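Undergrad: Each chain, written out:
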Amino acid sequence: MPKNITIYTTNTCSYCPMVKQYLKRKGLSYDEVNLEKHPEMQAEVFEKSGALTVPVTIVTKQDDSQDVVIGYNLARLAPAIA
Amino acid sequence: MNDSPAAKSRGSEPVPHDLVIVGAGPAALSAALYTSREDIDTVLFEKGAIGGLAAVTDWVDNYPGFEKGVAGLELSEQMRKQAERFGAKIELGEVQKIEDQGKLKKLTTTEGDIYAKAVLIATGSEYKKIGVPGEEEYYARGVHYCATCDGAFYRDKKLVVIGGGNSAAQEGLFLTKFASHIDMLVRSSLKASDVLIKELAKHKDKITIHLNTTTDEIVGQDGKVTKVVGTDKNSAQKVEFPTDGVFVFVGLLPNTKFIQGSGIELDERGFIKTDIHLMTKVPGIFCAGDVRSGATLQIASATGEGATAALMIREYLEVQERGPLPQAVVGHPQLYG
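Sequences listed follow chains A and B, in order. Numbering (the working numbering) for the first sequence: 1 to 82. Numbering (the working numbering) for the second sequence: 83 to 419.
Just chain A, same shape as in the assembly:
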């Protein structure tokens, strides 16, 4: 079980609700940061992900290591939250 999950989104991104729905179905809670409401966070997300896109999901594990999943990518997201 991850310690924390943060999803970075925008208002019109259609893959963002998919990530949220997937996590909900797995019974996991998450924090959401809308980058249109918080443009000041964009640089930080870019630094962590190397990508100028959403959704970006950052999964913090129990040992504080982090997995960064770019886009709605089940092949990366599923093992990250396992």
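Simulated from the structure, these hints should not be mistaken for laboratory data. The model shown is predicted, which means the values in this text are computed figures rather than measured ones. For every residue, glycine included, the Cβ atom is placed at its ideal position computed from N, Cα and C. One should not assume that every hint holds.
What the hints assert, rightly or not - Residues from chain B shown here face chain A by an in silico Cβ test under 8 angstroms; the list is partial:
(1) VAL138
(2) PHE148
(3) GLU176
(4) HIS226
Unchecked claim - With the C-beta cut set under 10 angstroms, the calculated list includes, among others, these residues of chain B facing chain A:
(5) GLU128
(6) GLY224
(7) GLY302
(8) LYS306
Add chain B to chain A, keeping to what the hints say.
TA: What follows is chain B alone, placed relative to chain A:
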């Protein structure tokens, strides 16, 4: 053995679903609405966004029933809810392989193996890449294929939109909400609808259209896109467009990788061939929507095809269950005879 709700078993024996639909775009959701309403046990598998490309389209103006148009995401949500209301189940996972085992079809998925009496392939298509230097290198760091996802990163920035069809025009117009200026590079002439061309003309202060202009290279510096280099085909001169980002909408590629080795036939462009009843060469495996050879790539057509496929599948399942009726009372005698 797996714990996916999509996989059912009776002891060691798998219990098949009546219908597994691969994809959850407009064709798939329309089919699921019809089959679920008739108590046909229906499961959909979607690896991307529910609603498919429709869900990532900013605004849909040509789907009947919405006088003022509708957001693609909202339309997709309504379709999903409508199908689920009648019992369709949507699994978030990927179908990786289909195997014809005669009366049953085996599907290998990321959620485990499942079996179906009939399969509907409605996987749609995805945006094509242009295949020029810099495109791969700057993917998601200046090169994008989804305006509704990534447009917001370009507030007051310069953009290049590549393409001249409906998607390029629609998404280009959406990007005017953010960008300070857009150069639209069109390889030949505009192929968008008259309505969209008129809209583009209304936004000429923000969008400059460059016809007969190829895209040859996306150039960057320090990890960021800085310009697009193209060729003006009229003068055969190289042209440069300084930009902060590039959005590409140059056509569609069918999602058919997972059917390799299944016996399903493709046309020369990679779309799935069907007969007039939307059945592929493999009995019991049907196809509808943008991935089908001959599809018109419209949301309205896709939902119509989904409904048609559902009725054909119902008939197929009935024939499998109780055998063929005498020809005189069969609606489509050539379908399974």
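Undergrad: Each hint should be assessed against the structure and marked as holding or not.
TA: Here is what the structure says about each hint:
1. VAL138: Interface hint status for B/VAL138: holds (5 angstroms vs cutoff 8 angstroms).
2. PHE148: This interface hint is violated because 18 angstroms lies over the 8 angstroms limit.
3. GLU176: Nearest chain A Cβ about 6 angstroms off; hint holds.
4. HIS226: Hint holds; B/HIS226 Cβ to chain A Cβ min 7 angstroms, cut 8 angstroms.
5. GLU128: 8 angstroms, holds
6. GLY224: 7 angstroms, holds
7. GLY302: 12 angstroms, violated
8. LYS306: 9 angstroms, holds
Comparing the model with each numbered hint stated earlier shows that hints 2, 7 do not hold.
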